[in-house]
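Protein sequences appear in the order of chains A and B. Okay, so the first sequence: first residue is 1 according to my numbering, each after it adds one. Okay, so the second sequence: first residue is 1 according to my numbering, each after it adds one.
These are computed hints drawn from the structure, not numbers from a lab. The C-beta atom is built at its ideal place from N, Cα and C for all residues, glycine as well. There may be inaccurate statements among the hints.
As the list claims (entries may be wrong) - Not the full set, but computed from the structure, chain A residues with beta-carbon under 8 Å of chain B: (1) Tyr109; (2) Ser182; (3) Leu186; (4) Leu193; (5) Asn268.
To be verified - Computed from the model, here is a short list of chain A residues facing chain B with C-beta under 8 Å: (6) Leu110; (7) Ile111; (8) Ala203; (9) Leu257; (10) Phe265; (11) Thr271; (12) Met417; (13) Ala419; (14) Asn510; (15) Val514; (16) Val530; (17) Phe651; (18) Leu656.
Unchecked claim - Residues of chain B clear of chain A, computed beta-carbon distances all greater than 10 Å: (19) Ile21; (20) Lys33; (21) Tyr42; (22) Ala61; (23) Pro85; (24) Trp117; (25) Thr128; (26) Phe142; (27) Ile321; (28) Leu328; (29) Glu332; (30) Met387; (31) Asp420; (32) Glu694.
Number of protein chains: 2
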Amino acid sequence: GTGADNDLYINQAIVFIEDAIQYRSINHRVDSKSLWLYRWYYSRTCQWILSLTITIILALAFIEKPSSLTITSDVRYRLPAWNPPCGLTESIELLCFLVFMADVSVKSYLIGWEEFWKNKWLMAYILTLIVSLSDWIVSLSFFCTEGVRIRRILRPFFLLQNSSMMKKTLKSINSTLPEMASVLLLLAVHLSLFTMFAMLLFARTKDGQPDKEWVGYFRNLPDSLTSLLVLLTTANNPDVMIPAYSKNRAYSIFFILFTVLGNLFLMNLLTAIIYNQFRGYLLKSVQSSLFRRRLGIRAAFEVLSSLKETPANTQQSYVSIGALLRVLQKVEMDSRCKQAIMRSLKMCSCDQLSAAQFQKLFEELDKDAIKQHPPSPEYQSHFMQKMQFAFGHPYFGYLGNVVALANIVSICVVLVMDADKQPSERDDFFLGAINCFFILYYLLEMLLKILAMGLKRYLSYPSNRFDGLLTVILLILEIATFAVYGFPHPGWRPEFMGLLSLWDMVRLVNMLIVFRFLRIIPNMKFMALVVTTLLDLVKNLRAFAGILVVVFYAFAITGIMLFEGAVIPLGNIRLKFFIFIFLFQTSFYIKKVVVLYFKEKCDFMAFFDCFQAEVIYCLFYLLSVNLICRWAKIYFVAWWLISSVIWVNLFVALLLENFIHKWDRRCHREPLSDIEYQRTVELMFRDVLEEPTEEELMEKLHEHPHLQLCR
Amino acid sequence: GTGADNDLYINQAIVFIEDAIQYRSINHRVDSKSLWLYRWYYSRTCQWILSLTITIILALAFIEKPSSLTITSDVRYRLPAWNPPCGLTESIELLCFLVFMADVSVKSYLIGWEEFWKNKWLMAYILTLIVSLSDWIVSLSFFCTEGVRIRRILRPFFLLQNSSMMKKTLKSINSTLPEMASVLLLLAVHLSLFTMFAMLLFARTKDGQPDKEWVGYFRNLPDSLTSLLVLLTTANNPDVMIPAYSKNRAYSIFFILFTVLGNLFLMNLLTAIIYNQFRGYLLKSVQSSLFRRRLGIRAAFEVLSSLKETPANTQQSYVSIGALLRVLQKVEMDSRCKQAIMRSLKMCSCDQLSAAQFQKLFEELDKDAIKQHPPSPEYQSHFMQKMQFAFGHPYFGYLGNVVALANIVSICVVLVMDADKQPSERDDFFLGAINCFFILYYLLEMLLKILAMGLKRYLSYPSNRFDGLLTVILLILEIATFAVYGFPHPGWRPEFMGLLSLWDMVRLVNMLIVFRFLRIIPNMKFMALVVTTLLDLVKNLRAFAGILVVVFYAFAITGIMLFEGAVIPLGNIRLKFFIFIFLFQTSFYIKKVVVLYFKEKCDFMAFFDCFQAEVIYCLFYLLSVNLICRWAKIYFVAWWLISSVIWVNLFVALLLENFIHKWDRRCHREPLSDIEYQRTVELMFRDVLEEPTEEELMEKLHEHPHLQLCR
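Model the full assembly from the supplied sequences, consistent with the hints where possible.
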């Protein structure tokens with residue numbers, strides 16, 4: 001009947017608007033039941049369960065069989081880690097797989113059969129699940145004793161396919177690959193030509209003299225290639241050239257030429273190319289997000305305009321305001337936006353909306369969120385008004401900064417004075433008394449500010465929240481100290497009592513005081529700019545970080561499997577290897593590992609004494625097992641390329657992009673102190689984005705696989 | 001008289017046009033004698049003498065008293081270097097100073113008294129000369145025995161003040177300093193806050209256990225600061241964190257936080273800021289160059305329009321074509337431009353030029369130089385025409401590339417096969433025979449190409465010149481080999497004869513063959529783009545490199561003076577220190593030196609065995625002399641900041657700028673194979689430059705201190 005039809009249209013409009021808000025594709029089934037399933041699938045609970053499942057399956061690696069979750073990393077003092085019995089982690093895995101199977105079925109059903117065949121991500125999802133389940137069955141049938149577990153390498157795929165932002169970023173990265181490959185090819189040509197030069201230049205001489213350069217670095221082709229590759233990371237510079245240099249200074253020209261060409265030119269060219277390529281693709285992906293939003297809104301308009309209650313109009317379609325209000329009440333969206341749209345709707349005098357008006361109404365979604373702080377309390381008493389003026393004034397805040405600085409300086413002075421003293425000679429009284437005084441001041445400052453601004457206004461500023469929280473923690477710590485150790489007095493050096501010794505308590509308080517000093521940041525203009533840029537970057541970086549986690553996870557598991565045979569004699573430190581690289585995913589560390597790894601002439605025991613970290617065991621054990629040596633080389637070089645070369649350059653590109661946009665924006669308008677803008681990658685590009693035309697939207701709508709529009 | 005006036009005007013116009021061509025300021029005296037002096041001063045001979053003088057005075061450092069110009073750098077095998085007698089280098093210096101005094105007098109006279117007081121560079125020049133001369137007198141009166149020689153540090157100033165491009169670049173760098181200082185301040189805050197944290201975190205515990213982290217890296221404030229500063233260069237990572245990490249894994253969070261914040265965010269932010277700031281200033285400086293050019297042309301127009309032979313016109317001023325032709329004949333400029341301007345003048349039907357027409361005529365100067373290759377010879381014989389078609393076809397070039405690749409592969413195979421053989425087992429016959437064959441092919445290829453293209457056309461391509469030159473050298477080497485060692489035959493292993501042994505000859509030939517393989521570059525599109533970008537970069541980089549040389553020279557001389565007392569006991573290796581840093585001015589090395597320097601716990605003898613380079617002596621001697629220790633630290637950190645942080649970032653900014661412009665340009669128009677553009681930094685920005693308006697030009701002209709315009 002007409003009523004049921006109308007309900008369907010309303011529900012469709014609700015879902016399309018929610019799609020627009022979340023930048024989702026609208027190409028899904030639109031019948032009543034499917035819409036209910038769709039809204040249920042994208043409800044918070046469902047998505048939360050899915051995220052939790054992904055987290056659990058990824059976190060399994062930390063407790064699975066080659067586990068090493070212990071506090072110390074020193075194998076000599078460590079207790080053996082807990083190993084779960086066979087079947088425990090496997091049953092958790094099965095539960096996760098069941099959730100994923102439900103997920104993929106619902107997703108496939110919702111987009112429909114035809115779309116399913118076009119969607120490569122869904123196909124890959126199903127394939128991954130099938131492979132994982134088969135591997136799981138094999139694993140159980142061997143009672144968890146088999147070594148190669150492919151499903152572990154595949155796990156990060158579940159994280160990848162669940163985030164549309166990550167898929168988009170991956171697409172961007174994928175598009176820059178040809179250019180990156182060109183530069184990497186160039187780098188390979190550079191490397192191989194110089195390797196040949198080096199082998200000819202540092203060849204074994206016929207006169208029988210021992211040539212240290214040849215023996216050390218250019219003995220054969222793999223050695224030469226390795227030496228120069230490591231030189232490209234600047235890690236064995238200048239060791240690699242010292243023997244030749246001490247024979248004849250002119251040999252250094254070869255190394256300088258190689259370093260300048262490879263490191264200064266080609267490596268930075270890679271940055272330039274990635275920046276240039278990536279800039280365009282980021283904009284493109286944001287542009288397609290905008291298109292999705294406009295398309296969702298337009299689809300909602302089209303279905304609402306075919307409601308029977310609307311008078312038929314041959315020329316143009318309209319939507320009645322009543323229908324839109326009904327839709328809006330049911331749509332799940334940010335309450336601020338909803339209120340703003342409602343307000344505009346009430347201000348509108350007409351009772352029908354054209355497509356353009358409808359679209360304009362929802363532009364509220366694209367706007368910056370402007371945060372208004374609650375007003376200060378109004379005091380009647382003249383004295384209180386004066387107090388409010390004095391303690392609400394910025395100068396009072398500056399005074400607080402000066403006091404915090406004084407506190408830092410006093411701690412610093414005490415540290416310098418105590419540096420050379422024996423622990424037994426140290427007097428804790430001075431620092432205790434000083435900190436007691438300063439913490440009282442901080443408490444007073446907080447209370448006076450709350451008095452002047454009112455609690456609500458005080459808490460609405462992030463800097464005040466930070467400040468207040470730390471002050472309260474400091475106060476609690478100080479009271480705890482006094483409760484356990486009594487009030488400070490000269491010669492205050494009590495024995496260990498309670499949870500922490502007095503010295504530890506004082507250290508903790510001092511660290512918090514140093515941390516609290518960061519409150520000065522918003523007061524310094526340039527620093528505030530830098531910090532907001534960094535915070536924006538962190539927001540926009542989530543997709544990148546996700547992809548890094550995916551790549552890293554796959555790499556670490558591959559590493560564990562690859563080096564399993566080599567590492568077995570040293571006990572279950574295989575996963576350590578994983579955690580170790582995890583902790584040092586910053587590229588800086590990898591460089592060093594590669595060097596250590598390639599320094600084949602080192603004395604094992606010397607390094608053992610120096611470092612005492614298990615990674616050294618792993619690496620040197622790998623070295624002694626000659627068979628895996630080459631695999632390990634390729635593995636490390638691949639990881640260096642991905643983490644140090646490509647990822648760092650992508651990061652630099654993103655930072656350049658963010659910073660330059662921000663800087664340009666700063667020059668255009670001065671930031672107002674009371675308004676805080678929340679920027680996302682979409683808003684950053686707003687000035688350069690193109691609005692999709694009506695024709696494009698309608699053409700796309702008519703291509704919708706499930707929605708039949710009347711006209 | 002009128003004739004003399006006319007001659008003066010003509011001469012003025014000539015000089016103004018030459019100023020415009022060279023982007024020089026026109027604010028100099030314009031009377032007849034001064035103009036003669038001006039043209040003489042800027043003549044090639046004069047400028048060449050000046051450049052030679054600057055080169056000589058800078059090169060003096062290599063032979064001056066603490067000299068170490070020897071082939072080997074190993075102090076054990078080295079003969080003592082030649083030390084010039086007192087008075088030799090000093091008299092050369094005096095000659096140079098005399099040239100500089102003449103230079104500064106002419107320059108000061110030419111710009112006039114009023115302008116002189118405004119010109120800070122000239123004042124600094126005179127001041128430098130006075131200080132240098134006083135120092136020279138002091139030096140001679142002590143019979144060259146005094147240690148501190150200020151004039152050596154001042155020497156690079158002569159290089160700096162002679163290049164307008166370097167002065168401009170310095171101005172750009174100077175303008176970015178406030179922003180750089182902000183980030184460096186931020187870095188300092190970051191460093192000091194983390195130092196305090198570290199000192200509190202890794203404090204000496206009261207329980208008396210030896211804490212390796214504390215002992216090794218955080219014993220007191222300077223130690224902690226140094227450890228974290230070196231961590232910022234990623235050089236002591238992960239050594240610095242291993243003791244803490246092996247105690248408790250959670251300590252690594254501190255180091256990761258420090259590295260990510262400092263190294264990934266702040267350091268890259270510095271790149272972003274320098275790129276953003278520098279981009280604008282480079283454009284600005286190019287804009288001011290354009291203004292100078294337009295101003296020079298306009299000034300020439302104005303003086304020519306006041307020639308008496310031109311009919312007076314109250315409304316607008318005109319220049320007669322005859323006068324311009326007379327000027328053009330005497331102007332020294334690129335012959336291609338001159339011909340183009342002459343051609344346009346002849347095509348112009350009118351006999352007078354307005355200001356706009358005059359300006360337009362000289363726009364030829366801004367245009368890209370388009371290089372036309374001479375035509376191929378036209379053969380009558382049908383056979384020769386076929387030959388010409390076959391060997392002039394690109395496919396013949398590709399065949400040559402394939403043959404070159406085959407040669408490289410064969411050399412590579414022989415090298416791999418010979419790698420493990422003893423020199424006595426090696427058979428030179430195979431390589432000799434192969435190379436003989438390939439070199440014959442190269443010769444044939446060259447001759448056939450010359451036949452097909454004609455010698456002139458062949459030589460007009462840079463790739464052919466490169467190819468031909470190498471082929472000729474290879475041929476000569478091969479003939480020389482045969483002349484000395486006879487034709488190759490199995491078991492061809494003759495004894496050492498002539499200048500080089502057979503093995504050295506073969507190696508040299510092979511290296512040239514590898515080098516010749518670079519001819520494939522223009523055939524690969526992306527590689528060609530990268531290489532042209534790099535070549536452009538080198539052109540635009542001269543000013544930067546000059547400033548680096550200036551800074552480095554001053555640094556090296558300061559280092560020699562600073563560490564003189566410390567290094568005396570080891571003989572005259574002071575200047576080695578200078579040369580050593582000179583050879584490794586790339587930032588990469590400095591990092592390592594700083595590390596070696598700060599690794600105070602190393603065993604002297606172990607390092608001596610490992611490196612055998614005198615820099616190690618210097619550094620460890622410095623360490624043993626505690627007094628200079630702090631100075632050395634500050635010196636190294638300053639050099640790290642300048643060479644590794646600031647200069648490398650400036651370089652990256654320039655590379656990004658160049659590459660992105662080039663890339664955008666490539667997308668706009670496809671490069672034609674027969675036309676080669678010569679790009680400069682001016683041409684790169686042509687699309688975004690603004691033409692100065694008539695009013696701006698006239699206002700500037702009326703401000704000219706020596707030129708009185710009639711109207």
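For each hint, the structure was consulted:
1. Tyr109: 43 Å, violated
2. Ser182: Since chain B brings a Cβ to about 4 Å from Ser182/A, closer than 8 Å, the hint holds.
3. Leu186: Cβ of Leu186/A sits 6 Å from chain B, so the hint holds.
4. Leu193: 6 Å, holds
5. Asn268: 5 Å, holds
6. Leu110: 40 Å, violated
7. Ile111: 36 Å, violated
8. Ala203: 6 Å, holds
9. Leu257: 11 Å, violated
10. Phe265: 6 Å, holds
11. Thr271: 7 Å, holds
12. Met417: 10 Å, violated
13. Ala419: 4 Å, holds
14. Asn510: 5 Å, holds
15. Val514: Val514/A check passes; min Cβ-Cβ to chain B is 5 Å, inside 8 Å.
16. Val530: 6 Å, holds
17. Phe651: 7 Å, holds
18. Leu656: Holds, about 5 Å.
19. Ile21: 32 Å, holds
20. Lys33: 49 Å, holds
21. Tyr42: 34 Å, holds
22. Ala61: Given that every Cβ of chain A is farther than 10 Å from that of Ala61/B, nearest at about 16 Å, it holds.
23. Pro85: 25 Å, holds
24. Trp117: Correct as stated: the minimum Cβ-Cβ distance to chain A is 36 Å, above 10 Å.
25. Thr128: At about 31 Å from chain A, Thr128/B clears the 10 Å cut-off, so the statement holds.
26. Phe142: Non-interface label stands for Phe142/B: nearest chain A Cβ at 32 Å, farther than 10 Å.
27. Ile321: Consistent with the label, Ile321/B stays out of reach of chain A, its closest Cβ about 48 Å off (over 10 Å).
28. Leu328: 42 Å, holds
29. Glu332: 36 Å, holds
30. Met387: Answer for Met387/B: holds, closest chain A Cβ roughly 33 Å.
31. Asp420: Label violated. Min Cβ-Cβ 7 Å, cutoff 10 Å.
32. Glu694: Holds, because the least Cβ-Cβ distance between Glu694/B and chain A comes to about 30 Å, which exceeds 10 Å.
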